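K.L.:
Sequence:
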Amino acid sequence: MTRLAQKFSISGSMLALAAALSTGPAVAQPAAQSVEAVTVTGTSIRGAEVVGSHVATIDSTTIQTLAPVSVSDVLSSLPQLSNAGTAGQGENTYSFYSPNIHNLAASASNSTLVVVDGMRIPGGGAQWAEADPNIIPVVALQRVEVLADGASSIYGSDAVSGVVNFITRKSFDGLQIDGQTGFGDGYNTANADILWGTGWENGNVMLAASYTYGSNIEMADRDFASMGNYTSIGGSNQQSVSCPVASIHPTARTGAAGPSYWYAGPGDATGFPNTQAARPCNNSIYGDILPQVQRTNVFGKVSQDFFGGKLNITETVAYNDLHTRSTTGPGTIGGATAWGVAPANRPGQANPFFQAPAGDPTATAEQVSWVNLLSPLPENLTSENVIYNRVNATYNISDNWHFDVDWVLGQNTYTNGINNGFCASCAYLALNGTALSGGNPTATDIAGRNVISLNTPLTTANALDVWHAPGAGNLTSANVIRSLSSMNSTQIIVNSTNQLRGAVNGALFDLPAGPVRVALGGELYTQHILKDAVGNTNIGSSSIGASLQRYHYHRVVTSGFAEVQVPLVSPEMNIPFVYRLSADVSGRIDSFSDVGETSNPKFAMEWAPTHDLKLRGNYSTAFVAPPLLSIGDPSLGYMYGGGAAQGGALNNIPAANFPGIQNIPGAVCTINGSASTVSASTGCPYVTVGHTDGTNGVGGDRGLERQLGGGFVNVKPQTGYAWSAGFDYDPDWLPGFHSSVTMFHNTFKGAVNAAHIQQTANVPSLFHFFQVCNNGAGCTQSQIDAFTNVANGATTGVLPSGGTYYLWAHDETNFLYLRIQGIDFDVNYDFDAGDWGNFHVGDYLTLFTKFDEGYDGANYFSIKGTSGFNGTFASLEYNTRLNVGWTLGPWAVDAYVNYFPSYRNWNSTSVTPLKPNAIGTPTAGDHVSPWTTLDVNVAYTFEDGWLGGDQLYVHANNVLDENPPFINTTANGTGASSGAAFGFNAFNASPIGRVVSLGIRAKL
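Count along the sequence shown from 1, add 1, and you get the number used in our numbering.
These are computed hints drawn from the structure, not numbers from a lab.
Label-pair distances were calculated between CB atoms; the ranges are:
{"id": "1", "residue 1": "Gly804", "residue 2": "Ala859", "range": "32 to 40 Å"}
{"id": "2", "residue 1": "Pro610", "residue 2": "Asp60", "range": "25 to 33 Å"}
{"id": "3", "residue 1": "Pro891", "residue 2": "Leu176", "range": "18 to 26 Å"}
{"id": "4", "residue 1": "Leu614", "residue 2": "Ala834", "range": "22 to 30 Å"}
{"id": "5", "residue 1": "Val939", "residue 2": "Gly310", "range": "39 to 47 Å"}
{"id": "6", "residue 1": "Val452", "residue 2": "Asn390", "range": "43 to 51 Å"}
{"id": "7", "residue 1": "Tyr941", "residue 2": "Asp533", "range": "48 to 56 Å"}
Subject to a maximum C-alpha distance of 25 Å in a straight line, what follows is the list of computed SDA-like cross-link-like pairs (lysine to any residue):
{"id": "8", "residue 1": "Lys532", "residue 2": "His553"}
{"id": "9", "residue 1": "Lys851", "residue 2": "His928"}
{"id": "10", "residue 1": "Lys750", "residue 2": "Arg820"}
{"id": "11", "residue 1": "Lys750", "residue 2": "Ala726"}
{"id": "12", "residue 1": "Lys615", "residue 2": "Val828"}
{"id": "13", "residue 1": "Lys865", "residue 2": "Asp853"}
{"id": "14", "residue 1": "Lys615", "residue 2": "Ala726"}
{"id": "15", "residue 1": "Lys1004", "residue 2": "Val206"}
{"id": "16", "residue 1": "Lys1004", "residue 2": "Gly198"}
{"id": "17", "residue 1": "Lys717", "residue 2": "His555"}
{"id": "18", "residue 1": "Lys615", "residue 2": "Leu735"}
{"id": "19", "residue 1": "Lys171", "residue 2": "Gly950"}
{"id": "20", "residue 1": "Lys916", "residue 2": "Gly855"}
{"id": "21", "residue 1": "Lys615", "residue 2": "Pro736"}
{"id": "22", "residue 1": "Lys851", "residue 2": "Phe604"}
{"id": "23", "residue 1": "Lys171", "residue 2": "Ser61"}
{"id": "24", "residue 1": "Lys532", "residue 2": "Ala547"}
{"id": "25", "residue 1": "Lys851", "residue 2": "Val828"}
{"id": "26", "residue 1": "Lys311", "residue 2": "Ser399"}
{"id": "27", "residue 1": "Lys615", "residue 2": "Val517"}
{"id": "28", "residue 1": "Lys717", "residue 2": "Gly794"}
{"id": "29", "residue 1": "Lys750", "residue 2": "Pro917"}
{"id": "30", "residue 1": "Lys865", "residue 2": "Arg820"}
{"id": "31", "residue 1": "Lys717", "residue 2": "Asn793"}
{"id": "32", "residue 1": "Lys750", "residue 2": "Phe604"}
{"id": "33", "residue 1": "Lys532", "residue 2": "Asn390"}
{"id": "34", "residue 1": "Lys171", "residue 2": "Asp400"}
{"id": "35", "residue 1": "Lys1004", "residue 2": "Trp887"}
{"id": "36", "residue 1": "Lys1004", "residue 2": "Ala191"}
{"id": "37", "residue 1": "Lys171", "residue 2": "Ile195"}
{"id": "38", "residue 1": "Lys532", "residue 2": "Ile447"}
{"id": "39", "residue 1": "Lys615", "residue 2": "Arg144"}
{"id": "40", "residue 1": "Lys615", "residue 2": "Val579"}
Everything numeric in this text was worked out from a predicted model, so none of it was measured. Built from N, CA and C at the ideal position, the CB exists for glycine as well.
Take these sequences, add in the hints, and give me the full structure.
P.N.:
Below, the structure is given as structure tokens:
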């Protein structure tokens, strides 16, 4: 037993004995009419205020002025949260719908705990089973509290940077109906809420329901995301060589070779150079930038007192049904081989629709790059079904001692699937008679298996025509067209939680300043995850061959916790300059069935020199257990995101960091963030490998990328510590004024995540994740076997046909270390201007003074004011939200100004490459402009008559319709689930634009 555990055990025994022997109050207090538990964020002591920490609150009045259609919209109002400024619609690529404090988001070691009324809810999504607070109807919320301090001593795992607590209404009397509809550019929303409740002498009941709809937004409706060629605004050309009429590179030439050896279809006689800058086809106009969303949820609560108020039992239930739908970009093939005259060793592989380009009319073989516009676009479909049940029982042992029991059962069933997915192997079968782009009829289609699919001889009935435009002139048969969209996949993830928590709390004894209050309790938490994934093999449509992965993992956590709150000085003691002084000490021990035991204390103090000024501070340690989905499947060699597969194109790799990379076939120089035609062997500083076409027609995938879970390297919990210090000032001389200033610090050690390629390529301690085999001469079979982990059950995709030259281990490991420090600033002033009405002015500001990242716990470097380096969250220097409000009689107007500062683009697509400094850490990157938006809410509340109490309102988000600032990269984060949107940063911006909503709130 640890020393801290021994202390808890001794103190627990003393507290239990004191509670058992207590026959009267330590300080005389009247018995409450009801003992229903009151939720307080950041403390286990019933009815106590949090000591030493600031809790930011979004109350019900503020929620109304935001006119949210979802809980995610509510969260966008706080700069402390990573949701600020982002689209409230659609899941985040990495963190699902879960908010994160201080932008510490989206690693597998999630740093922010999300709770409802102080208890956990089941996680969801395909990444790391994050919480979705949107399962609660907005109308059922009383307030949202954000504690931006370490809180593992109270809540356990995940609360490293703090807690977001969604506190629901305790009761409601009457009937309220809300309705809202919104309109934007190619976009619309609808929302309807109903809230009903009633009470009786010893109890009450409440029921809330909500329906939310948000339409999809098409890529073509947002110019900033679908330009394709961004060179006119300082970016790079992101257009493709894959075109509706295939681009052609003759491989069996009769004409002279030269720099212009790709041809824009059969009619092109001049060709174009093989550079990214010259690529002609804009495929970013297809698909959706935001999914269509429909969500229905129901929330109910019933509370009843028994035995004259000594016992209260409250039952809470929630149900959520979410469906999203979006179309993704069309499927493409790149550099696939087609023959006009079949070689002697490939009988039947000549495509009957073959055409040579006008620039080389007698060519008999060629590589073609083509985009499929013959069949429907693929659909990405997700659903989330949540059932949540909580029982709370609170028993009044005496006037001072209370016993609380909470039991939560919840299940989140998340489904994600691709419908009408592009079947690349079907396209190859119809193009060259094999399931492989190179057309090798003797190579296996499934690595490690002897499986070969053939479609020979090719005829006009079974061949693919890529030489004519889609439409009446295209010669592809209906059966082949149907096969092109026959690749379907589905994964179902069932996340079940069972949390049982019991605590006793009360006043232990009296001090001159007041009673010493304590809480002591224990918790049993069980989590089960079952994942079924149905994927595809490389032999044709899903009906011909499919893969199945079943993953089951569970975790049991037993915990004990204690907290004591000690008043040291009270106002009645009349001590100069010490109006009030108090201390709080809390601690918790958690024992995990899979990752061992951890213990975490927290120490907090508050000193009020006067009754209107309070100084506070705290120190805590915290931890995050590795999420179950990040462990990987033990039966498949701990495969997580997929087995080893072809690595694709990797840009801006510093050649000096990886000797031999310039020798990889097809490696070219990276110029202005894009691949060029200049061979890397010329000695350029930055290299692109895996470019679709390489140099002189030699390229394509030349390496392997694997994604193995944390179980492969036996990941441990992330640990960390935090402190904060600040003050709250509510001066007597300025009634209505409130200010809170908090300096915060967080240190995270060993967060579980997978290193992004820019991290791997630029940070010396991560170089070992990327291996160039044998100075670029190629990997041996033994190197490939060890890397792919096939001996332990992992699978691989088709190996690069031209050989394997590099190995990238994109695995989940404890590699990430963070040190952040900054200031949270909150100021509000409400004043009465007489006949001019009442005014409100306020501002929330989060400013980072330090945002350092490291990978070995020693060599930290700053990523403050950048985005893209780690690929999973931005680290802007600050952001702020200013609010000005006015009310006069029935009218109320609120305006919000949101400001996000400029920063540097540290993605691999930055036109200005990242440059290592003297110690090897990156600098430079593109400059990204700041972004300012204005939101306005105008409401009219009827004061009397049969409409008395009802409200009409108009709410406008982004009134000036400001486009997000341009960044030369593909968007990630909320609103980028397809991964196809280029030109904006979804971690801190939204593609929606101006939306004007009309709404009504009717109370009966």
